Amino acid sequence: METVQLKWYGPFQLETFDEYDVAEDIMGVYMLLDSEYHAARRTWTHHALLYIGMVYDQTFLDRLKQHMLGDVVWKWIERNHRYEVTIKVARVILLDRERISKPLLQDIEGLLIAVKQPPGNVQSTKTYAGQDLRIRNTGKYSPLRTIISTEDLPDS
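FYI, in the numbering used here the residues of the sequence shown are 1 to 156.
Hints are computed from structural coordinates only; laboratory data are not their basis. One or more of the hints may lead you astray.
To be verified - Once the Cα atoms are required to be at most 25 angstroms apart in a straight line, the calculated DSS-like pairs of lysine-lysine come out as:
{"no.": "1", "residue 1": "7", "residue 2": "65"}
{"no.": "2", "residue 1": "140", "residue 2": "7"}
{"no.": "3", "residue 1": "102", "residue 2": "65"}
{"no.": "4", "residue 1": "126", "residue 2": "116"}
{"no.": "5", "residue 1": "102", "residue 2": "140"}
{"no.": "6", "residue 1": "102", "residue 2": "116"}
{"no.": "7", "residue 1": "116", "residue 2": "75"}
{"no.": "8", "residue 1": "75", "residue 2": "7"}
{"no.": "9", "residue 1": "140", "residue 2": "116"}
{"no.": "10", "residue 1": "140", "residue 2": "65"}
{"no.": "11", "residue 1": "75", "residue 2": "126"}
{"no.": "12", "residue 1": "126", "residue 2": "102"}
{"no.": "13", "residue 1": "7", "residue 2": "102"}
{"no.": "14", "residue 1": "65", "residue 2": "75"}
Stated by the list, open to error - Label-pair distances were calculated between CB atoms; the ranges are:
{"no.": "15", "residue 1": "21", "residue 2": "126", "range": "31 to 41 angstroms"}
{"no.": "16", "residue 1": "106", "residue 2": "40", "range": "36 to 46 angstroms"}
{"no.": "17", "residue 1": "98", "residue 2": "70", "range": "37 to 47 angstroms"}
{"no.": "18", "residue 1": "96", "residue 2": "123", "range": "20 to 30 angstroms"}
Remember, it's a predicted structure, so these values are computed and weren't measured experimentally. Idealized CB from N, CA, C, for every residue including glycine.
Generate coordinates for the entire structure from the input sequences, incorporating the hints supplied.
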């Protein structure tokens, strides 16, 4: 079983996301969250997972802009969020190989979706057809668990 590490950053407000270096990364995975800001603590206190996506040969910022132009995902999010939509992004750190491939990134995204079942995702929610994989989450990965793997999938 291959192991990859995801280093998560955020949450970022969508309006100021372009101010962060990670917005220009050209490959990785991201979560769109329904987040509540706690003013007294000056922190986000609630992160309901809305959607998981990936970027490859495109920046996180460009992908976010595509969503916000009114794609199906964004229309669903606009109807279903309660607080403020924020984004968390993850850089992939390889532990067992030298290169990140698009199929590997698709497997990472697919496994996260299959295990977490975000309500805004339609693809990869019923089945996972990728390789045996273990994802180790680090950084600001809430609401995900530290380890997510194909072993977490329900038996079909």
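Each hint tested on the structure:
1. 7 - 65: holds (22 angstroms)
2. 140 - 7: Satisfied, since the Cα-Cα distance of roughly 8 angstroms is no more than 25 angstroms.
3. 102 - 65: Given that 25 angstroms is the threshold and the Cα spacing comes to 21 angstroms, the pair holds.
4. 126 - 116: Holds: residue 126 and residue 116 sit about 11 angstroms apart, inside 25 angstroms.
5. 102 - 140: holds (24 angstroms)
6. 102 - 116: This hinted pair holds, its Cα atoms lying about 21 angstroms apart.
7. 116 - 75: holds (21 angstroms)
8. 75 - 7: violated (28 angstroms)
9. 140 - 116: Holds: residue 140 and residue 116 sit about 16 angstroms apart, inside 25 angstroms.
10. 140 - 65: Satisfied, since the Cα-Cα distance of roughly 23 angstroms is no more than 25 angstroms.
11. 75 - 126: It holds: about 22 angstroms lies between the C-alpha atoms, which stays within 25 angstroms.
12. 126 - 102: Given pair residue 126, residue 102 holds - Cα atoms ~21 angstroms apart, limit 25 angstroms.
13. 7 - 102: Distance of about 18 angstroms is within 25 angstroms: holds.
14. 65 - 75: holds (13 angstroms)
15. 21 - 126: 31 to 41 angstroms: Because 36 angstroms falls inside the window, the suggested range holds.
16. 106 - 40: 36 to 46 angstroms: Taking Cβ atoms as reference, residue 106 and residue 40 lie about 41 angstroms apart, which means the hint holds.
17. 98 - 70: 37 to 47 angstroms: holds (39 angstroms)
18. 96 - 123: 20 to 30 angstroms: holds (26 angstroms)
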